[in-house]
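Undergrad: Those protein sequence lines, which keep their order, are chains A and B.
Take the first sequence: its position 70, counting from 1, is numbered 67 in the working numbering, and each next residue is one higher.
With the second sequence counted from 1, adding 248 to any position gets you the working numbering.
There may be inaccurate statements among the hints.
Covered, in the sense of this in silico footprint (three residues per stretch, anywhere, with C-beta under 8 Å from a C-beta of chain B), are these stretches of chain A [stated by the list, open to error]:
1) 11 to 18
2) 25 to 39
3) 60 to 72
4) 102 to 115
5) 148 to 162
6) 168 to 178
List of simulated lysine-lysine pairs, DSS-like, C-alpha gap at most 30 Å [stated by the list, open to error]:
7) B:Lys454 / B:Lys586
8) B:Lys558 / B:Lys576
9) B:Lys544 / B:Lys717
10) A:Lys33 / B:Lys460
11) A:Lys90 / B:Lys326
12) B:Lys464 / B:Lys326
13) B:Lys633 / A:Lys47
14) B:Lys615 / B:Lys504
15) A:Lys47 / B:Lys326
16) B:Lys615 / B:Lys460
17) B:Lys664 / B:Lys608
18) A:Lys3 / B:Lys633
19) B:Lys615 / A:Lys3
20) B:Lys326 / A:Lys85
21) A:Lys3 / A:Lys47
22) A:Lys85 / B:Lys633
23) A:Lys47 / B:Lys615
24) B:Lys576 / B:Lys664
25) B:Lys454 / B:Lys369
26) B:Lys608 / A:Lys3
27) A:Lys3 / B:Lys586
28) A:Lys3 / B:Lys558
29) B:Lys326 / A:Lys3
In silico negatives: residues of chain A with every beta carbon more than 12 Å from chain B [unchecked claim]:
30) Ser6
31) Gly52
32) Leu79
33) Ser92
34) Thr93
35) Ala94
36) Asn97
37) Ile119
38) Glu121
39) Asn139
If you're looking for bench data, these hints aren't it; they were derived computationally from the structure.
Glycine included, each C-beta is placed from N, C-alpha and C at the ideal position.
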Amino acid sequence: MEKKSKSQSRRNFIQNGVRASLLLSLGTVSVAALTKVTGQDYVWQIDPFKCTQCGRCATDCVMAPSAVKCLHAFDLCGYCDLCGGYLKPDANKQSTAAENQLCPTAAIERRFIEEPYFEYHIDEDLCIGCGKCVAGCTSFGNGSMHLQIMHNICLNCNNCSIAQVCPSDAISRVPASEAYKVKGDFINNPKA
Amino acid sequence: MNSGENNNIVFSPQSSICSLKREVKYPYFNENEQAKPNHKTTIIRKLFTLKKLKFIFFTLVFLLVTFSSFAQKQRFPKPEFDSGYTQPSPVTPEPRALAMEYFDVLVLLLVLSAATYFALKSRSRQGVLWLSIFTLLYFGFYRNGCICSIGAIQNVTLSFFDSGYAISLTALLFFLLPLLFTLFFGRTFCAGACPLGAIQDLVVVKPISLPKWLNKTLGLIPYVYLALAVLFAATGTDFIICRYDPFVGIFRMDAKFHMIVLGVAFLLMGMFVARPYCRFLCPYGVLLSWMSRFSKWHLTITPNKCIQCKLCTNSCPFDAIDFPTNEKEVIKSGLGPKRFITYALVIPLWVAVGAFAGAKSHTFLSKANPDVYLAELMISKPELKEDPDNIDIQTFLASGKSMETLVAEAEVIRQKFYIGSMIAGGFLGLVIGMTLLNTVVFRKRQDYEPHKGNCFSCARCIDYCPVEK
Chain A
-2 MEKKSKSQSR
8 RNFIQNGVRA
18 SLLLSLGTVS
28 VAALTKVTGQ
38 DYVWQIDPFK
48 CTQCGRCATD
58 CVMAPSAVKC
68 LHAFDLCGYC
78 DLCGGYLKPD
88 ANKQSTAAEN
98 QLCPTAAIER
108 RFIEEPYFEY
118 HIDEDLCIGC
128 GKCVAGCTSF
138 GNGSMHLQIM
148 HNICLNCNNC
158 SIAQVCPSDA
168 ISRVPASEAY
178 KVKGDFINNP
188 KA
Chain B
249 MNSGENNNIV
259 FSPQSSICSL
269 KREVKYPYFN
279 ENEQAKPNHK
289 TTIIRKLFTL
299 KKLKFIFFTL
309 VFLLVTFSSF
319 AQKQRFPKPE
329 FDSGYTQPSP
339 VTPEPRALAM
349 EYFDVLVLLL
359 VLSAATYFAL
369 KSRSRQGVLW
379 LSIFTLLYFG
389 FYRNGCICSI
399 GAIQNVTLSF
409 FDSGYAISLT
419 ALLFFLLPLL
429 FTLFFGRTFC
439 AGACPLGAIQ
449 DLVVVKPISL
459 PKWLNKTLGL
469 IPYVYLALAV
479 LFAATGTDFI
489 ICRYDPFVGI
499 FRMDAKFHMI
509 VLGVAFLLMG
519 MFVARPYCRF
529 LCPYGVLLSW
539 MSRFSKWHLT
549 ITPNKCIQCK
559 LCTNSCPFDA
569 IDFPTNEKEV
579 IKSGLGPKRF
589 ITYALVIPLW
599 VAVGAFAGAK
609 SHTFLSKANP
619 DVYLAELMIS
629 KPELKEDPDN
639 IDIQTFLASG
649 KSMETLVAEA
659 EVIRQKFYIG
669 SMIAGGFLGL
679 VIGMTLLNTV
689 VFRKRQDYEP
699 HKGNCFSCAR
709 CIDYCPVEK
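With these hints in hand, go ahead and build the complete structure from the sequences.
TA: Set out below in structure tokens:
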């Protein structure tokens, strides 16, 4: 009986020792991580100045349709009649006919304001984030249309699957307090 | 400078059509605008007459256009509206509030406590079952399976290796809390607080018992998965645990086709081989198993003295109940101290072989990194530079980054992979050696006991035990 209790206590001793050392290592890990911990919440966002409109935002997001949508910074828009983001470069006419529209899902709505200005409004339910209009607007116009991750749709995945395939590394984590990189703000308060 | 730029920009080949059309059709711009078209047209006329100036003009335009595109100036200034039009502002929905993230941590803490209470104190399978249904609904379908403790391994790893990466407190707590609970109470996290475990636990229909050797061999896969996940996270390559999570697609009700197929396949398999992901893949399970082996208060099958009725052995779908040692068989099998010493001495050899294999495979593994992949692709297939459909190469060429920088960066990452995969290989060698060593160690057991490392604390066996308190 005595022998048994001896081996039992030895086992207990080993168990306790290992548990203490495991606890210690967990503590070390947590302290080491705590030095780098941030109370801030981070979300994914696209830098419109790095974006090259490759079209992967439309195909690689875990959401279907993508959480990336075209955002129109009206502040930068020229309200042109001939819009590089709305009309195909080889459009037959400057009209709202489907054949002339650049957007594959007709998500851009053209509203007449006054001669000769038009407002271009983006229907986010239809937008798939392909960036075709962004490419058109950036090369022919002011670049007021640009892609942004919409946080009412984005699941804030641990590892953004678009960021993984983005060829220009335009997607990064930003503080949740400044969750959007809207282009107009950059022009008004240029950092550089 | 500013107005000069604007004047010249409209002659750039890209925008000239637009601006000219505007001039022809709508000559009445506001004052500020009107000055420019007139100015422009006169310049055009002059240029066509004075051809000598053409060269100078184009260089000027070229310089200004490059500069202006760099500075992102507006090509077409915003008009001033007469009709009282007010400009709308772009809609930017707010992200989920930070307080909600902390609420998730609180829910995790509560669920962990409840799971521990049900498994250890009230000994109620019903309680654990309902708790896992809640977990499935909350962390699974409501929170879409993200963030989870399994994936948090990678966040913690990356925070150690990437100085620019700040880990969120939520991720750190999701990583630590279950480990702490497991160190004291066993794997109650697996029983009630993990959505991946919950979805698999609910589909167990007719579990079959796997032979011991198969259980042990397949049980090595989680170590490989953990080593790879840490390696890829440490090199900043990818988060493979998140990417190849088979059930997250089911939680979101939306995923790539092959991931849905994988998820459904796991669930179908899980009807017969209970919890296949938890037992043979989950990398977090490795850490939990280490903690659980030394847990202070682990779930016990019987509340009192075991009466050796063997009823519980059929109840465990995970082959996690150890039988009492049959001493006669142990002596018969001839496994003695001799074999133990041999296996122990062979362990350094296993480590060396593992490290060698890891170092050998680092070139292959490093291809998962996008930078290394791109550099390799451009060196091995230079003709792809002409391919307009290759987005990665075209974007790289347009970015103006030199090939030397890319190769240098890729080289640094590959070096990290060399060291990393050597360590990972050595670790796997050690694991194999220790597993072999474990097969010849016999611990004396008089009763039927849960295997502390493999038991998920699901409390099924408790239901079967006829002993009253």
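Undergrad: Now, for every hint given, state plainly whether the structure supports it.
TA: Hint check:
no.	hint	verdict
1	11 to 18	holds (count 3)
2	25 to 39	holds (count 12)
3	60 to 72	holds (count 7)
4	102 to 115	holds (count 5)
5	148 to 162	holds (count 11)
6	168 to 178	holds (count 3)
7	B:Lys454 / B:Lys586	violated (41 Å)
8	B:Lys558 / B:Lys576	holds (19 Å)
9	B:Lys544 / B:Lys717	holds (21 Å)
10	A:Lys33 / B:Lys460	violated (43 Å)
11	A:Lys90 / B:Lys326	holds (24 Å)
12	B:Lys464 / B:Lys326	violated (70 Å)
13	B:Lys633 / A:Lys47	holds (21 Å)
14	B:Lys615 / B:Lys504	holds (23 Å)
15	A:Lys47 / B:Lys326	holds (24 Å)
16	B:Lys615 / B:Lys460	violated (36 Å)
17	B:Lys664 / B:Lys608	holds (14 Å)
18	A:Lys3 / B:Lys633	violated (74 Å)
19	B:Lys615 / A:Lys3	violated (55 Å)
20	B:Lys326 / A:Lys85	holds (22 Å)
21	A:Lys3 / A:Lys47	violated (69 Å)
22	A:Lys85 / B:Lys633	holds (28 Å)
23	A:Lys47 / B:Lys615	holds (25 Å)
24	B:Lys576 / B:Lys664	violated (52 Å)
25	B:Lys454 / B:Lys369	holds (28 Å)
26	B:Lys608 / A:Lys3	violated (48 Å)
27	A:Lys3 / B:Lys586	holds (25 Å)
28	A:Lys3 / B:Lys558	holds (29 Å)
29	B:Lys326 / A:Lys3	violated (88 Å)
30	Ser6	holds (15 Å)
31	Gly52	violated (8 Å)
32	Leu79	violated (5 Å)
33	Ser92	holds (14 Å)
34	Thr93	holds (17 Å)
35	Ala94	holds (18 Å)
36	Asn97	holds (15 Å)
37	Ile119	violated (9 Å)
38	Glu121	violated (7 Å)
39	Asn139	violated (5 Å)
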